[in-house]
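J.: What follows is each chain in one-letter form.
Protein chains: 2
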Amino acid sequence: MSVDTIRWTGKAVRIIDQTKLPNKLVYIDCRDVDTLWHAIKTLQVRGAPALGIAAAFGVLLGIKGYKKDNSAAFVRYVCELCDYIGKSRPTAVNLFNALAQMRGLALNNVDKPVALLKAVLEAEARAIYEEDKAVCRAMGKHGAALIKNGGTYMTVCNAGGLATADYGTALGVFYAAKEAGKKFKVFALETRPLLQGARLTAWELMKNKIDVTLICDNMAATVMKDNKINGIFTGADRIAANGDAANKIGTYMLGVLAKHHAVPFYIVAPKTTFDLKIDHGRKIPIEERSADEVTSFAGTPTAPKGVKVFNPSFDVTPHELISGIVTEYGVIKTPYDRNIKKALL
Amino acid sequence: MSVDTIRWTGKAVRIIDQTKLPNKLVYIDCRDVDTLWHAIKTLQVRGAPALGIAAAFGVLLGIKGYKKDNSAAFVRYVCELCDYIGKSRPTAVNLFNALAQMRGLALNNVDKPVALLKAVLEAEARAIYEEDKAVCRAMGKHGAALIKNGGTYMTVCNAGGLATADYGTALGVFYAAKEAGKKFKVFALETRPLLQGARLTAWELMKNKIDVTLICDNMAATVMKDNKINGIFTGADRIAANGDAANKIGTYMLGVLAKHHAVPFYIVAPKTTFDLKIDHGRKIPIEERSADEVTSFAGTPTAPKGVKVFNPSFDVTPHELISGIVTEYGVIKTPYDRNIKKALL
Numbered sequence: 232m233s234v235d236t237i238r239w240t241g242k243a244v245r246i247i248d249q250t251k252l253p254n255k256l257v258y259i260d261c262r263d264v265d266t267l268w269h270a271i272k273t274l275q276v277r278g279a280p281a282l283g284i285a286a287a288f289g290v291l292l293g294i295k296g297y298k299k300d301n302s303a304a305f306v307r308y309v310c311e312l313c314d315y316i317g318k319s320r321p322t323a324v325n326l327f328n329a330l331a332q333m334r335g336l337a338l339n340n341v342d343k344p345v346a347l348l349k350a351v352l353e354a355e356a357r358a359i360y361e362e363d364k365a366v367c368r369a370m371g372k373h374g375a376a377l378i379k380n381g382g383t384y385m386t387v388c389n390a391g392g393l394a395t396a397d398y399g400t401a402l403g404v405f406y407a408a409k410e411a412g413k414k415f416k417v418f419a420l421e422t423r424p425l426l427q428g429a430r431l432t433a434w435e436l437m438k439n440k441i442d443v444t445l446i447c448d449n450m451a452a453t454v455m456k457d458n459k460i461n462g463i464f465t466g467a468d469r470i471a472a473n474g475d476a477a478n479k480i481g482t483y484m485l486g487v488l489a490k491h492h493a494v495p496f497y498i499v500a501p502k503t504t505f506d507l508k509i510d511h512g513r514k515i516p517i518e519e520r521s522a523d524e525v526t527s528f529a530g531t532p533t534a535p536k537g538v539k540v541f542n543p544s545f546d547v548t549p550h551e552l553i554s555g556i557v558t559e560y561g562v563i564k565t566p567y568d569r570n571i572k573k574a575l576l
Numbered sequence: 232m233s234v235d236t237i238r239w240t241g242k243a244v245r246i247i248d249q250t251k252l253p254n255k256l257v258y259i260d261c262r263d264v265d266t267l268w269h270a271i272k273t274l275q276v277r278g279a280p281a282l283g284i285a286a287a288f289g290v291l292l293g294i295k296g297y298k299k300d301n302s303a304a305f306v307r308y309v310c311e312l313c314d315y316i317g318k319s320r321p322t323a324v325n326l327f328n329a330l331a332q333m334r335g336l337a338l339n340n341v342d343k344p345v346a347l348l349k350a351v352l353e354a355e356a357r358a359i360y361e362e363d364k365a366v367c368r369a370m371g372k373h374g375a376a377l378i379k380n381g382g383t384y385m386t387v388c389n390a391g392g393l394a395t396a397d398y399g400t401a402l403g404v405f406y407a408a409k410e411a412g413k414k415f416k417v418f419a420l421e422t423r424p425l426l427q428g429a430r431l432t433a434w435e436l437m438k439n440k441i442d443v444t445l446i447c448d449n450m451a452a453t454v455m456k457d458n459k460i461n462g463i464f465t466g467a468d469r470i471a472a473n474g475d476a477a478n479k480i481g482t483y484m485l486g487v488l489a490k491h492h493a494v495p496f497y498i499v500a501p502k503t504t505f506d507l508k509i510d511h512g513r514k515i516p517i518e519e520r521s522a523d524e525v526t527s528f529a530g531t532p533t534a535p536k537g538v539k540v541f542n543p544s545f546d547v548t549p550h551e552l553i554s555g556i557v558t559e560y561g562v563i564k565t566p567y568d569r570n571i572k573k574a575l576l
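Respectively, the protein sequence lines represent chains A and B.
Going letter by letter, the first sequence gives residues 232 to 576 in this note's numbering.
Going letter by letter, the second sequence gives residues 232 to 576 in this note's numbering.
No wet-lab data here; the hints were simulated from the structure.
Please note that a few of the clues may not be correct.
No copy is singled out in the list; a pair is fine if it fits within one copy or between any two copies.
[Claimed, not checked] Only pairs whose alpha carbons sit at most 25 Å apart, straight line, appear in this in silico SDA-like list of lysine to any residue: (1) Lys414 to Glu361; (2) Lys539 to Asn461; (3) Lys456 to Asp510; (4) Lys438 to Leu575; (5) Lys272 to Lys514; (6) Lys414 to Leu347; (7) Lys514 to Arg357; (8) Lys459 to Arg513.
This structure is a prediction, so every number in the text was calculated from the model and none was measured.
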């Protein structure tokens, strides 16, 4: 992916406004924390790894105008900033992991002058960004080994360049396989209600000349029955210590369908997506979003006024449905509780 | 359901334009066969039983202006009419069954004068309409016995009053259970790409004061995992002699998910939806519709221009995933090949 999903300009967090894709490629400069918070909340920037980076850059936005010279007060301010940014969205743990890293660094250096603290935090945020790039490439390399020349694959939502600083998690696997000279096809689920699969993944894959076919989410089962699907690759927003993985709504559906059709089902996610403090997927907080996302489109109502709606943004796929978790350290396989610790700690 | 989905006015086929629901309740008078054909093709009128009625009424539209007095020529004309109407949509067999009935009646009465032939055909079309009403009530009664007071159910697309002459197939089960004093909840899948679940089923159920919650199709799995779902009820567009059932895309997905979550899965369909000439679901023709339905909404593009799309309108649920088929004769259970013949022949 040659697009610049997110970057720190020194004065602003520059993001692609993903709500405008694929019709318009628009960049926004978030010049203050509130604007960035709003951009996260409204999904102008989204994707678990990108949210980690956005959170870290958000801290830089918050401290850039800080004028006083009291280190203890500054560190308290950084902690408040982190609390505030952490309230934007609840499920992707990368966001909290990045904030914990920034907060921890500030707390550990409270004896340093404010100017130095600022420099250290900026270096850390830049490092989170740079590391995500390297991690994408490493996941891509490990995942590409699972892609068969001539195979057909499936993915949901967008776990690509638009969800990371580089070329993605699940889609990074496809990009790396393509770079390795493999030819294959991808079915992209449109991913209701906000159509990240249709708007973002189809756009990315076409741009990268990967053979993509768009389907509605309810077509995945029949596609698995009538076509030879060689594997499913999705990202994740939070993975518990036992391997249960929260990801965009519809992922658990794919997990069950994959089991029924004997299709290998892979999660692709970096270390920052794991939450080892959580031992089971049922403890992962699942964001519920507004009914409007389901009941209208581009201002046109698509359902009767006042209808009750359930709109969870994520679901949890139990580890027993997962064939492997592709990380920057390699592919983790069952038994997950043991092997996740072995790979990550 | 107190709405008049379809009726023969003597001069026109009056239908609700279902593409305008739930925002507007608009009736259209189809005064010629082409207008009706277009209404079927564009889903202004839809639903397997309603399509059977529309086809029969379409023959009445075609013959009403017929002036000549040659019975053999008239019967040939009726056969051509039936061929033409049969090309509107390919999957729902009710349409072909109704046309076969009209055609057969004409052929068997070729010795009668044209005026009498016309009267006989009109009586037959009216009988198809009236029978559908009675059949809805009978299916509702048999199906309602499967609804538990306090239970929670799930349905896809619209198999209600808007799909039949009376109160529906799958939704008829809910209406009959409500009339019997039962209280229960229903999750309605929105049913991409044309949102018949959101636009039509949610509208019908709200109108009938049934507790309905709208979800996107990709949420069905997580709803089944996290809620006690007591049963799934869907309609059908064609059922093979072995019990394999074609229905709106997403139904097969529900069948697989139901099996995984040990949820009973019922098809509700009248005799006219069975196609005993077809021994296996894989022989049912599946309509593929235009990519536009998936790539844009209300004129706004939702996917990159030129993206490849697969848009099947139906899928086939193998009989082994079906807990029972609710018909006007009672609930047919496995072994389907034997029990379908026993019930229907």
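J.: Each hint should be assessed against the structure and marked as holding or not.
T.: Here's how the hints hold up against the structure:
no., hint, verdict
1, Lys414 to Glu361, "neither (29 Å within a copy, 57 Å between copies)"
2, Lys539 to Asn461, "between (38 Å within a copy, 20 Å between copies)"
3, Lys456 to Asp510, "between (34 Å within a copy, 19 Å between copies)"
4, Lys438 to Leu575, "neither (34 Å within a copy, 54 Å between copies)"
5, Lys272 to Lys514, "within (22 Å within a copy, 48 Å between copies)"
6, Lys414 to Leu347, "neither (50 Å within a copy, 66 Å between copies)"
7, Lys514 to Arg357, "neither (31 Å within a copy, 58 Å between copies)"
8, Lys459 to Arg513, "between (32 Å within a copy, 16 Å between copies)"
When each numbered hint is compared with the structure, violations occur for hints 1, 4, 6 and 7.
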